[in-house]
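Engineer: Protein chains in written order, with the working numbering: chain A, 1031 to 1249; chain B, 98 to 329.
A portion of the hints provided could be inaccurate.
Covered stretches of chain B, as calculated for chain A (at least 3 residues, CB under 8 angstroms) [what the hints assert, rightly or not]:
1) 240-247
2) 310-320
In silico DSBU-like pairs for lysine-lysine, Cα to Cα no more than 30 angstroms straight-line [to be verified]:
3) 1051/A / 322/B
4) 1116/A / 1087/A
5) 1051/A / 215/B
Hints listed in this document are in silico derivations from the structure and should not be mistaken for laboratory results.
Everything numeric in this text was worked out from a predicted model, so none of it was measured.
Yeah, the Cβ is synthetic: ideal placement off N, Cα and C, and Gly gets one too.
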Amino acid sequence: MKFPYTDIVLEHFRHPRNVGKIENPDGKATEGSPACGDMVSVYIKVDPKTTTIADVKFESYGCASNIATGSIITELAKGKTLDEAKNITWKEASEALGGLPKIKAHCSVLAVEGLRSAIQNYEERHGLVKEKKPTTVEVVRQRLRKVINPLTGLSVVRTNLVQDIKVKDGVVRVLVDLPRDHQFAHTIKDEISRLKEVFGSAYRICQPVSKGVILAIKR
Amino acid sequence: MTSAIGSICHEKEVLFHTDATHTFTRVPLDMKKITVDLVTVSAHTIHGPKGTGGLCIRQGTQIAKWVDGGFQEFNLRAGLENIPGAVGFAKAVELVTPKEIKRLQEMRDRLIDRMLAKIAHSTLNGHRQKRLPQNANITFHFVEGESITLHLDMRGFAVSTGSACFSRSLEASHVITGIGGDHERAHGSIRFTFGRYNTVEDVDAVVRALTDIVEELRSISPLGKNEEKEEA
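So here's chain B without its partners, still in its complex pose:
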């Protein structure tokens, strides 16, 4: 996909920037093969120090200086370099192993399998395999995402939702609608993201918690009652 966009940009002589904060170290990106000019990466997504990130600039790409007042960072961004941040970021990259990525992927697949099996009227958003190894996004129909998120928060799980109610703009996730979903699909969508410190036990615990929460919220929802009866 990135490669196709890159080719179009190249053909039309438009610079191509991609936000790779979530794919960085998780999905290979070869700047020799893909005609991408600028790539943003961030330390926090791989357990590095928060507030540190990087912009990978293809040689020859013209960039305007955006913080004036000094000549640091190749005369692009004034202010003394954040050395501890940079060193921490480098160490964080070093600590990511292929084994870890495999483990994240196993947790993701376990979560998807269990959720879809245990909770009726749930749908995976996106492709089963062609997705980030650490990310699962599932819609639970007839319930609203912010309510699920808040219930999970009270039980110690931090997730996110594409529901319009959760966003400051009151707009549904453009990603869910962009991959063909409608508002209803975004309304009950939950994004789960795994990190190094998650375990298989966490996966099972969140599935158990969600089974209860979705059941509880569906019991107060005016939707979906007939469908359930029909199936029974």
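With the rest of the complex left out, here is chain A:
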């Protein structure tokens, strides 16, 4: 099989820039998960005076397009203000790499989201989040799209594993259709409850009370 990559992609794949971890980062985030495929971690150091990205590094458990996008996104973000960096799109990253195959969007968009989430993490830590989206059923559903059903590699929402979402009086209930003997029951439940962002940081996640139900309660 011929690899569908441009010379720029191959160059970044072979010599990824800004690889590694930043000790005591100002913001960090991980997108994806080992259970279902590619995964990327992004770390940032922020210059508080200018609110620009002073340093940025990434780690990748992914394919060539994931590695190359992680690499280019760090180059694009360095020196930019947080607002500028947040608005870097997958399309811009892809263009900077001379184009990425469409089928690879799934693997490479993770790096772009990783950068955004790392910035969001910084903003949350520093009380810079101006307006918080209220947690609604639609917001939870949107966020659950990030949780992948490892059996199919598609999201738990798309594969109908999530049967029902209820938001009422500060309690979010997610009903997941997982038979006890489902091969990935544990992984999926663990991932949903671990994902704070599914429920929003104002929510505390409780142990599932009964089979297949994940519960989050407002602090």
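Chain B: place on chain A using the hints.
Structural biologist: Just chain B now, kept in the frame of chain A:
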């Protein structure tokens, strides 16, 4: 296994077809003993001409004609027979020797032994002996298969992977998941297949190359770092 499936099919009066392109000449298949109705074989897997294959049909099995326009190939497939292809295929079968199969198996075993010994956190997929003599499939944990494949390609080795990233459907290898592996196992799996023109030196070279590549990819992976420290 094939025999068990064949018996079930026979019992339920269902036709049984098996794709034997990779086992052909490598693993014995006796149609007298196994109740298989149709067997597909291909020339390219044994160094025969590409584009030539065969369908072995048990006598009495009804087959619908699938290319119309002529009466060639027992009135099943129209178009003039590919004589050079057929002759080449026959010659390719003739050239396979038991000695060659033994040699393939030795290379396979050497590869498995060396990989598992040299590269930490690597797992063989499938049984050590009950497998094709020319095939080894190994998962290197904490790294992704397409990345390994691309690095190996740049160094002149052609392998394949069960990673979802490598497939056009973005789905992990159904074979790895079918034998009990999860997505993570498929994600870092590499399939090595040997042929007549490979040598023991090739085996050692690919082990050396992979040792470097896996180390390099693990150094940029967010996974597996703690595990390694714990072991040290």
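Engineer: Next step is simple, just say for each hint if it's right about the structure.
Structural biologist: Each hint, compared with the structure:
1. 240-247: With 6 residues close enough to chain A, the hint holds.
2. 310-320: Coverage by chain A holds for the region 310-320 of chain B (5 residues, Cβ < 8 angstroms).
3. 1051/A / 322/B: 11 angstroms, holds
4. 1116/A / 1087/A: At roughly 15 angstroms apart (the allowed maximum being 30 angstroms), residue 1087/A and residue 1116/A satisfy the hint.
5. 1051/A / 215/B: Given that 30 angstroms is the threshold and the Cα spacing comes to 26 angstroms, the pair holds.
Every hint from the earlier list agrees with this structure, and none is contradicted.
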